[in-house]
Amino acid sequence: MIVQTSVDGLRAWKKNRAIKSPWIRVLILLVIIAYFILASQSVEINFERIRLGLSRIGTMFNGFLRPDFLSRGKYIADGVLESVAMTIVASSICLFLAVPLSLGASRNIVPLPIYLVCRVILMIVRSLHVVVIGIIFVIMLGFGPLAGVLTLMLNSVGFIGKLLAEDIENIDKEPLEAIRATGASWLQVVVYGVWPQISTRFIGLAIYRADINFRQSTILGIVGAGGIGGVLDTAMGRYDYRTAGAILLVIIAMVLVAEYISSHIRRRIV
Amino acid sequence: MVEKHMVSISNLVKKYPSGQEALKGVNLEVNANEILALIGPSGAGKSTLIRCVNRLVEPTSGKIIINGIDVCTLGYKALRMQRRKIGMIFQEYALVDRLTVMENVLSGQLGYTGTFKSIFRKFPPDVVDSAIKLLERVGLLDYVDSRADQLSGGQRQRVGIARALIQRPDLLLVDEPTASLDPKTARQIMRLIVELVIEYKLAVIINIHDVQLAQMFAQRIVGLRDGIVVYDGTPDQVDNSVLTEIYGEEDWDQGKKRHAQEEDDDEDDDIDQVE
Numbered sequence: 003m004i005v006q007t008s009v010d011g012l013r014a015w016k017k018n019r020a021i022k023s024p025w026i027r028v029l030i031l032l033v034i035i036a037y038f039i040l041a042s043q044s045v046e047i048n049f050e051r052i053r054l055g056l057s058r059i060g061t062m063f064n065g066f067l068r069p070d071f072l073s074r075g076k077y078i079a080d081g082v083l084e085s086v087a088m089t090i091v092a093s094s095i096c097l098f099l100a101v102p103l104s105l106g107a108s109r110n111i112v113p114l115p116i117y118l119v120c121r122v123i124l125m126i127v128r129s130l131h132v133v134v135i136g137i138i139f140v141i142m143l144g145f146g147p148l149a150g151v152l153t154l155m156l157n158s159v160g161f162i163g164k165l166l167a168e169d170i171e172n173i174d175k176e177p178l179e180a181i182r183a184t185g186a187s188w189l190q191v192v193v194y195g196v197w198p199q200i201s202t203r204f205i206g207l208a209i210y211r212a213d214i215n216f217r218q219s220t221i222l223g224i225v226g227a228g229g230i231g232g233v234l235d236t237a238m239g240r241y242d243y244r245t246a247g248a249i250l251l252v253i254i255a256m257v258l259v260a261e262y263i264s265s266h267i268r269r270r271i272v
Numbered sequence: 120m121v122e123k124h125m126v127s128i129s130n131l132v133k134k135y136p137s138g139q140e141a142l143k144g145v146n147l148e149v150n151a152n153e154i155l156a157l158i159g160p161s162g163a164g165k166s167t168l169i170r171c172v173n174r175l176v177e178p179t180s181g182k183i184i185i186n187g188i189d190v191c192t193l194g195y196k197a198l199r200m201q202r203r204k205i206g207m208i209f210q211e212y213a214l215v216d217r218l219t220v221m222e223n224v225l226s227g228q229l230g231y232t233g234t235f236k237s238i239f240r241k242f243p244p245d246v247v248d249s250a251i252k253l254l255e256r257v258g259l260l261d262y263v264d265s266r267a268d269q270l271s272g273g274q275r276q277r278v279g280i281a282r283a284l285i286q287r288p289d290l291l292l293v294d295e296p297t298a299s300l301d302p303k304t305a306r307q308i309m310r311l312i313v314e315l316v317i318e319y320k321l322a323v324i325i326n327i328h329d330v331q332l333a334q335m336f337a338q339r340i341v342g343l344r345d346g347i348v349v350y351d352g353t354p355d356q357v358d359n360s361v362l363t364e365i366y367g368e369e370d371w372d373q374g375k376k377r378h379a380q381e382e383d384d385d386e387d388d389d390i391d392q393v394e
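Chain order of the listed sequences is A and B.
For the first sequence, this note's numbering gives the first residue as 3, with consecutive numbering after it.
For the second sequence, this note's numbering gives the first residue as 120, with consecutive numbering after it.
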């Protein structure tokens with residue numbers, strides 16, 4: 003906005019404000035402040051409860067600082083192996099479902115009806131939190147890693163499908179036109195025009211997702227869908243904080259290892 | 120009725136969903152072996168027009184008859200068969216960056232190759248051989264396995280030319296082939312295209328906004344303005360009044376003398392081999 007200044011004849015420039023009227027700006031600010039005051043009054047803070055809890059944190063940390071790997075070592079080992087197996091199975095199967103779905107959910111390469119169907123599927127899959135899906139599968143299929151694998155798979159399909167579709171919609175349009183102009187079939191356009199433009203991104207996503215899957219497999223055990231999380235939940239329930247501490251250390255170590263491996267692979271490929 | 124023209128476009132209209140009318144009833148005939156340059160200001164509809172010919176853009180109404188076949192009515196499969204006979208060269212080269220030069224050239228043959236064979240890069244030996252010949256012809260034999268994004272602009276356009284020609288097309292559509300190139304490379308690329316077009320006996324429609332280049336290399340010039348053909352004639356008939364008709368009022372003589380001098384200097388340089 004150019005402002006005419008009177009004294010020296012110089013013209014000044016100021017960036018336009020998003021909200022023009024100063025009255026409305028002040029009003030919005032007042033509303034926000036009022037909201038914070040009201041909201042803070044609605045929170046009940048029970049200091050007695052906090053004092054009790056603090057001492058429990060003490061016993062918990064005490065246990066965590068002296069982790070006990072051995073007394074329930076077999077369960078921990080089994081749990082970790084199960085989590086790793088769930089991660090690998092779910093992460094690999096999801097790719098076969100995610101790729102076709104993401105192609106279908108890209109407006110630039112499929113007709114509108116297919117696009118809408120795939121987008122709706124992705125939206126439904128993504129609308130539920132992984133724990134909610136986990137509970138549903140546990141109810142449907144009973145306790146155990148099968149429910150966990152299906153949960154992770156569904157969640158990964160939604161994740162990779164959506165992000166990959168976004169990438170496909172952002173690819174360079176001209177090479178696509180050029181491949182189409184040669185008389186190539188739809189699949190050939192995908193293989194020659196689309197895939198080379200998204201392949202590194204796809205591999206990066208797949209590895210990143212495997213990473214997430216391992217972390218999520220630890221929480222799924224808590225709702226009974228198999229993996230190390232179940233062992234952790236049991237240990238916590240029995241106030242066996244030394245075993246719980248050991249399990250947490252194992253999880254952290256595994257996540258770090260997974261992180262290291264995935265970043266190493268990604269650096270090699272991309 | 121026997122078609123005497125290779126391409127005959129009649130009453131072609133293209134309205135975009137935004138309401139913009141890019142082509143307002145274009146009539147145009149292209150003869151076999153003709154080098155036709157399409158000139159006109161930005162937004163005149165040049166790109167839309169040539170994209171309608173191979174239906175990268177769907178025309179709203181009108182007819183485009185190529186070798187007796189109305190392209191506008193073709194179904195998916197028949198359109199693909201028709202597209203195989205129409206090569207296209209793009210302004211920004213439109214190569215697939217992460218594929219190698221060879222893969223980019225071979226992609227011109229996709230319409231003739233089965234899907235699974237093409238996925239595993241199993242092209243027939245004679246196709247691979249002609250790809251090698253073409254790369255040799257455009258001076259890129261040493262770059263067969265380089266990725267397309269490692270090449271310079273001029274080199275990339277040469278790959279684009281090879282990709283279009285390996286289709287063995289009857290008709291070549293060229294969309295602003297030189298707009299992203301420096302003046303010298305632009306001339307070399309134009310010269311290469313025209314040489315190859317004569318060698319392969321093709322008809323070609325070249326979109327080009329550089330009037331001088333158009334006059335240098337084309338046999339016929341068609342001027343498009345606001346989606347209508349406003350000029351159709353030989354290059355030497357294009358004078359200031361014609362330019363004004365196509366582009367609007369402007370002092371066309373300004374700077375012309377300097378251009379004329381440059382032309383003399385450049386006359387003797389050949390298509391250079393890529394360094």
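No lab work stands behind these hints, which were simulated from the structure alone.
This structure is a prediction, so every number in the text was calculated from the model and none was measured.
Just so you know, not all the hints are guaranteed correct.
[Claimed, not checked] These stretches of chain A come out as covered by chain B in the derived footprint (C-beta under 8 angstroms, 3 or more residues):
(1) 19-31
(2) 174-188
[Said to hold, decoys possible] Computed cross-link-like contacts, DSSO-like style, restricted to lysine-lysine with a CA-CA straight-line distance of at most 30 angstroms:
(3) Lys241(B) to Lys303(B)
(4) Lys143(B) to Lys252(B)
(5) Lys204(B) to Lys320(B)
(6) Lys196(B) to Lys236(B)
(7) Lys182(B) to Lys164(A)
(8) Lys252(B) to Lys236(B)
(9) Lys143(B) to Lys182(B)
(10) Lys134(B) to Lys175(A)
(11) Lys236(B) to Lys182(B)
(12) Lys22(A) to Lys241(B)
(13) Lys182(B) to Lys241(B)
(14) Lys164(A) to Lys175(A)
(15) Lys175(A) to Lys143(B)
(16) Lys196(B) to Lys134(B)
(17) Lys320(B) to Lys303(B)
(18) Lys252(B) to Lys175(A)
(19) Lys182(B) to Lys252(B)
(20) Lys204(B) to Lys182(B)
(21) Lys196(B) to Lys182(B)
(22) Lys236(B) to Lys204(B)
(23) Lys196(B) to Lys17(A)
(24) Lys175(A) to Lys204(B)
(25) Lys182(B) to Lys134(B)
(26) Lys175(A) to Lys236(B)
(27) Lys241(B) to Lys252(B)
(28) Lys320(B) to Lys196(B)
(29) Lys16(A) to Lys182(B)
For glycine and all other residues, C-beta sits at the position ideal for the given N, C-alpha and C.
Which hints from the list above does the structure break, by number from lowest to highest? Hint check: 1, 3, 4, 7, 11, 12, 13, 19, 23, 29 fail, others pass.
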